[in-house]
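In terms of the numbering used here, the sequence shown opens at residue 321 and continues consecutively.
Derived by calculation from the structure, the hints in this document are not laboratory data.
Bear in mind the structure is a predicted one, so any value in this text is a computation, not a measurement.
We put the beta carbon where it would ideally sit given N, CA and C, even for glycine.
One or more of the hints may lead you astray.
[Said to hold, decoys possible] With beta-carbon atoms standing in for the labels, derived distance ranges: (1) K541 x Q676: 47 to 57 angstroms; (2) K763 x P705: 14 to 24 angstroms; (3) A663 x L844: 52 to 62 angstroms; (4) M406 x K849: 21 to 31 angstroms; (5) A392 x F438: 22 to 32 angstroms.
[Claimed, not checked] Think about it this way: if two alpha-carbon atoms lie no more than 27 angstroms apart in a straight line, the pair counts; the simulated DSSO-like pairs of lysine-lysine are: (6) K730 x K801; (7) K678 x K393; (8) K654 x K715; (9) K763 x K801; (10) K839 x K849; (11) K801 x K678; (12) K839 x K730; (13) K393 x K713; (14) K849 x K393; (15) K713 x K849.
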Amino acid sequence: MTHDTQTQGYEVGYDASGEVEIIEGVAREAGEVVLSEADQQTALSGGCTASAGSMKAAARAAGKAGILDQFAKDYPTGPHDQPQSMCPAFGSLRVGLRMKRVATVLSGSACCVYGLTFVSHFYGARRSVGYVPFNSETLVTGKLFEDIRESVHEMADPDRYDAIVVTNLCVPTASGVPLRLLPPEINGVRIVGIDVPGFGIPTHAEAKDVLAGAMLNYARKEVAAGPVQAPVGGKADRPTVALLGEMFPADPMMIGAMLAPMGLGVGPTVPTREWRELYAALDCGVAAAIHPFYTASIREFEAAGRQIVGSAPVGYNGTAAWLMNIGEAYGVPKAQIAAAQNAFLPAISEALKGAQIKGTITLSGYEGSELLVARLLVESGADVPYVGTACPKTKWSAEDAAWLESRGVKVVYRASLEDDCAAVDAIKPDLAIGTTPVVQHAKERGIPALYFTNLISARPLMGPAGAGSLAQVVNAAIRGKEKMDTMRAFFEGVGHVDTAGVWEGAPNLRPDFRAQHQKKLDKLARAAKAEEMI
């Protein structure tokens, strides 16, 4: 049992020696047929350039129907088709690369692996990414799986690694490469195999949950099997709240300070930075879905008997409600809950008064914290008529959506780029906060814009620190309208899209080439639509 005798679920026990009891793997019998040629040919025709419909059909034929069905349940795509963002595998890759003593191996087309490693190192991975190459022959004959199995056996050094993560990208997933047949552990090193296809997972943010959920599942089974390694800092001396979702480093510390008056502490943030933090996360009594799309991870916490609380302590109203919900989930006396609220709400109120934002703002992104940022902007005085998030609608964000909608904010889940740009065009805000193409779209129209991921979500949002964190950058951007007008006037008349630039004479336009290429695109679109109907 956890620290609170009222909390349901099994106990997370820690051993004294720090030795992990590993679940033994079962070796695959020699001569076992892994892949059949018939199951893979569909995916091979066209490779990673094949349509999503044909890739899905191939994956189902190759035995991946269960995985795709779970993805469809965990990460529903409606009302739009797949939103536009970078390859989803970047999310799970980034989670693995941030963890200590965890190796990452990719199985996919060389072009995909190159792009993913490039972006990962661009974001400061500073760690090698393993790659198991393949060709049509090794994929069809099953040799690719044998190569993957051989590579993890060679890498499984317990002095270097706690775990090895093997990720199937689109083509191996569509071809049915069975990572589930890899042994659960080799030489004391855990082997975690996941499928992260672009045709099954809508956004890279949700791919983070795929790996986090798989690791929590493995760790939960280890906990059930016997004592596990204690966290580096030792077992918590008070009941803890685990946090779901990547956030600014200062936010967990601020949340911990707000929980202290209730006799609670803050647990690890999932995705974690090392394996043993998974045990400490599962040792909580309550998990806070700060980012509400971590469906697979939430499933593991619920399987461990832990309660889930949505939303986050952002702004005055959000903090008051969140502290109340956490306290009630833990059975904290109302007097202690009130003490926690009284300790921080006045400071939040003062911070909001001193950091007012005047202007109309449209907000969009794919991080999962869009609704939280919108709440903070509204409480700071901004008019926010539109919020678009590429993430799905879940019950863990329902409270935030209801709060925003009651104040006239239109919330769009699974928002497409077209939705976000249409909102900018229709509202003509004083500031557009969004993804890179939305920022570009706004600036082309002389509207100040900020990139959500680098300039907004990379700031504290929780408690008193978050209450005043956005005003300076947002107000400065709004005041830059005059500069935007000057720049737009300066570049007026230089052309647009393929006619942009300075020309000596008229651009060499070829409408016949354009019409011919458009026919090809229309034909591909019709074929893809027909496959979806089948």
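Hint-by-hint comparison with the structure:
1. K541 x Q676: 47 to 57 angstroms: Since K541 and Q676 have Cβ atoms about 51 angstroms apart, the given range 47 to 57 angstroms holds.
2. K763 x P705: 14 to 24 angstroms: holds, 20 angstroms
3. A663 x L844: 52 to 62 angstroms: holds, 60 angstroms
4. M406 x K849: 21 to 31 angstroms: Holds - the Cβ-Cβ distance for M406 and K849, about 25 angstroms, lies within 21 to 31 angstroms.
5. A392 x F438: 22 to 32 angstroms: holds, 30 angstroms
6. K730 x K801: holds, 25 angstroms
7. K678 x K393: violated, 41 angstroms
8. K654 x K715: Holds, because 25 angstroms separates the two Cα atoms, which is no more than 27 angstroms.
9. K763 x K801: holds, 10 angstroms
10. K839 x K849: holds, 15 angstroms
11. K801 x K678: Holds, at about 13 angstroms.
12. K839 x K730: violated, 37 angstroms
13. K393 x K713: holds, 12 angstroms
14. K849 x K393: The hint holds at about 22 angstroms.
15. K713 x K849: holds, 25 angstroms
Hints 7 and 12 from the earlier list are contradicted by this structure; the remaining hints agree with it.
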